[in-house]
Amino acid sequence: MTRRLSFVASDRPEAQEARARLAERYGDVGFEDAQVVVALGGDGFMLETLHRTMDKLKPIYGMNRGSVGFLMNEYSEDDLLERINAAERAVIHPLVMVAIDSKRRQHRALAINEVSLLRQTRQTAKLRICIDGKVRLNELVCDGALVCTPAGSTAYNLSAYGPIVPISAQILALTAISAFRPRRWRGALLSHTARVTFEVLEADKRPVSAVADNFEVRDVVEVHVGEDREISLCMLFDAGHSLDERVLNEQFSS
Numbered sequence: 010m011t012r013r014l015s016f017v018a019s020d021r022p023e024a025q026e027a028r029a030r031l032a033e034r035y036g037d038v039g040f041e042d043a044q045v046v047v048a049l050g051g052d053g054f055m056l057e058t059l060h061r062t063m064d065k066l067k068p069i070y071g072m073n074r075g076s077v078g079f080l081m082n083e084y085s086e087d088d089l090l091e092r093i094n095a096a097e098r099a100v101i102h103p104l105v106m107v108a109i110d111s112k113r114r115q116h117r118a119l120a121i122n123e124v125s126l127l128r129q130t131r132q133t134a135k136l137r138i139c140i141d142g143k144v145r146l147n148e149l150v151c152d153g154a155l156v157c158t159p160a161g162s163t164a165y166n167l168s169a170y171g172p173i174v175p176i177s178a179q180i181l182a183l184t185a186i187s188a189f190r191p192r193r194w195r196g197a198l199l200s201h202t203a204r205v206t207f208e209v210l211e212a213d214k215r216p217v218s219a220v221a222d223n224f225e226v227r228d229v230v231e232v233h234v235g236e237d238r239e240i241s242l243c244m245l246f247d248a249g250h251s252l253d254e255r256v257l258n259e260q261f262s263s
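When you line the sequence shown up against the numbering used here, it's residues 10 to 263, in that order.
Rather than coming from a laboratory, the hints here were simulated on the basis of the structure.
Where a beta carbon is used, it is the ideal one built from N, C-alpha and C, also for glycine.
Treat the hints loosely; a few may be bogus.
[Stated by the list, open to error] What follows is a set of in silico ranges between Cβ atoms, one per label pair, in the way DEER data are often shown:
id, residue 1, residue 2, range
1, Asn94, Arg30, 15 to 23 Å
2, Arg255, Gln132, 34 to 42 Å
3, Gln44, Arg137, 41 to 49 Å
4, Phe79, Gln25, 17 to 25 Å
5, Arg34, Arg113, 50 to 58 Å
6, Asp42, Thr202, 24 to 32 Å
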């Protein structure tokens, strides 16, 4: 039975005001002693909170006090403990990105939504894509490409016309961003055990950056992406409004 809550909020005034009211009503025991962390903001703040608590293994219950609330529950100050205790859990695993820049320095970061490669200039990017050490696409001429988790499949991936992936599916989506050649190549669905390597071709002429959620590395020459099953992140959703249900609804929305 959850009773000890820690409230965190984005910088938006409505989120800060909500945090003050909720903390006064339900108490705020502080992060270390909390059973559940309540995040007040939008989807971006939920991702920030998940990143900050990644090594703490604390469930996150979000309420929307931001602009986009796909990962958040409806905001209400009433019956909060009852809602949390009846909530459905969604467990997700992040991606680990190892990016090697033009000076051969390695940068490691975790991504809850996606790892994306993006052209830095007017020149299109040229990428070679390897899966588990085997070249699958020798040259992709594009604005970029991304690998996403099921949780991230409704974010940037969907905007790039990638497939929506059910949360329980052990699948990663590999999606091209504005592919020029092969013109009709949209991407692939991969096993969650797949290890994806991007090699940047003509990196001096066609510089590329790599982004793991909000962590960016400029002028990369090689990027390795894979799921980290050793890390489990837990989000809580109101009964009947699970993340699985939201992802399914998204596939039938207009």
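Do arginine 34 and arginine 113 keep their Cβ atoms within the hinted range of 50 to 58 Å?
holds, 54 Å
Range agreement (Cβ of arginine 30 with Cβ of asparagine 94, hint 15 to 23 Å)
holds, 20 Å
Against the range 34 to 42 Å, how does the distance between the Cβ atoms of arginine 255 and glutamine 132 compare: consistent or not?
With Cβ atoms ~38 Å apart, the hint holds.
Verdict for aspartate 42, threonine 202 (Cβ pair) under range 24 to 32 Å:
violated, 37 Å
If I claimed the Cβ atoms of glutamine 44 and arginine 137 lie 41 to 49 Å apart, would that claim hold in this structure?
holds, 47 Å
How does the Cβ-Cβ distance of phenylalanine 79 and glutamine 25 compare with 17 to 25 Å: does it lie in that range?
holds, 22 Å
In this structure, only the earlier hint numbered 6 is contradicted, and the remaining ones agree with it.
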